[in-house]
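As a plain string of letters, each chain reads:
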Amino acid sequence: MAAARAELSIVVVRSGGFTGISRRWAIERPDPDDDWVALVEACPWGQVAADRESRDRFTWRIEARVARRHHRASVPDRELTGPWRELVDRVQRDGSSDV
Amino acid sequence: MNEAYDGLGATFELYADVYDRNSIDGRGLPLDGSVHYEKDYDNAFWNGERMVFGDGDGQVFGRFTVSVDVIGHELTHGVTQYTAGLVYKDQAGALNESISDVFGSLVLQYSHKQTAAQATWLIGQGLFTARVKGVALRSMKAPGTAYDDPVLGKDPQPATMAGYVETEDDDGGVHTNSGIPNHAFYLVATGIGGYAWEKAGRIWYDTLLAGMKPTTDFAGFAALTLAAATKRYGEGSAEADAVRAGWSGVGVAIDGGGAS
Ligand SMILES: [Zn+2]
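First to last, the sequence lines map onto chains X and R.
If you count by full-length UniProt numbering, then the first sequence holds residues 1 to 99, one letter each, in order.
If you count by full-length UniProt numbering, then the second sequence holds residues 1 to 260, one letter each, in order.
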């Protein structure tokens with residue numbers, strides 16, 4: 001993998017929902033594994049479909065910096081599938097959390 | 001599922017008995033919902049067709065079907081979708097949220113036959129577990145005071161325009177800035193007195209059906225509520241005066257200087 005061995009930082013902010021209470025998760029890796037980089041690159045940044053029908057669903061703001069590239073997306077809960085879901089699950093599992 | 005059925009029934013009753021509306025679309029659409037969505041899911045939402053309820057994580061939140069105002073809130077998103085068609089962003093989105101809190105609270109008040117003075121005006125009472133320092137998720141009577149917890153932080157809702165929150169999260173803070181129109185409704189309802197669903201609720205319901213645009217903002221909505229109150233109760237009526245005072249109390253100037 002050409003883009004491997006770069007610094008990685010990911011922030012996930014879940015906002016909205018009926019409660020309106022936001023939560024935030026973050027992870028930093030000075031020397032991330034290739035699969036982290038691959039997972040970030042697998043997400044369809046800039047191609048997120050809107051959800052104009054749902055009300056009170058969560059919105060996920062995801063910001064990632066890896067291999068000197070900066071990515072940012074606002075992902076409706078309905079669209080949080082595939083690599084997005086995997087990325088968020090992994091940041092929630094391995095990263096730190098503050099409400 | 002019984003709790004959800006009870007909440008569906010109570011919501012259907014308020015709309016049918018008080019506002020003569022047959023279900024959320026006005027044409028008897030069968031009301032439906034899903035419960036126990038995902039594991040530890042801390043949310044209840046409307047997906048454009050049905051309600052979906054999580055069971056909560058048991059740490060911070062319990063079941064989202066615990067209080068009928070939550071169910072009334074979600075179904076009212078359906079009513080708004082079929083009537084005003086408000087978008088879900090910024091002030092129009094906060095109005096969308098507030099209308100759901102207003103009628104959610106009225107479902108609860110109607111089912112307990114509480115006057116405006118007797119009502120708690122809390123949204124989501126009983127949703128937090130005993131671990132959380134808070135009585136509910138939102139307070140229409142005193143926005144910003146529903147919870148203050150070392151882990152969750154403090155209820156961020158403003159009661160007036162001076163506290164309006166600009167943010168990109170939560171579709172522009174729709175669940176935060178709803179505190180402003182929520183409090184305006186509380187002021188109108190308590191200003192009029194008696195049962196809130198009878199007059200204040202009627203004015204808000206009339207407004208939903210009367211010329212709102214998807215992007216109506218607070219000031220535009222305020223003007224429409226005043227027009228609705230004037231149409232139904234007359235110019236210079238106590239009800240129209242209460243509407244004017246309510247919006248003034250939260251710092252929303254009515255378009256056209258408030259003249260009717
Ligand atoms: Zn809502």
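Derived by calculation from the structure, the hints in this document are not laboratory data.
Hints are not guaranteed to be accurate.
According to the in silico footprint, chain R covers these stretches of chain X (three or more CB under 8 Å from chain R) [as the list claims (entries may be wrong)]:
#	region
1	15 to 29
2	52 to 61
Every beta carbon over 10 Å from chain X, so not counted as near; a handful from chain R, in silico [said to hold, decoys possible]:
#	residue
3	Asp6
4	Glu13
5	Asp20
6	Asp32
7	Asp42
8	Phe45
9	Gly48
10	Gln118
11	Ala119
12	Thr129
13	Asp148
14	Leu152
15	Glu166
16	Asp171
17	Arg232
As the structure is a computational prediction, the values presented were derived from the model and not from experiment.
Yeah, the Cβ is synthetic: ideal placement off N, Cα and C, and Gly gets one too.
Hint by hint, here is what the structure shows:
no., hint, in the structure
1, 15 to 29, "holds (count 8)"
2, 52 to 61, "holds (count 9)"
3, Asp6, "holds (18 Å)"
4, Glu13, "holds (22 Å)"
5, Asp20, "holds (24 Å)"
6, Asp32, "holds (15 Å)"
7, Asp42, "violated (7 Å)"
8, Phe45, "violated (4 Å)"
9, Gly48, "violated (3 Å)"
10, Gln118, "holds (25 Å)"
11, Ala119, "holds (20 Å)"
12, Thr129, "holds (13 Å)"
13, Asp148, "holds (13 Å)"
14, Leu152, "violated (6 Å)"
15, Glu166, "holds (14 Å)"
16, Asp171, "violated (6 Å)"
17, Arg232, "holds (28 Å)"
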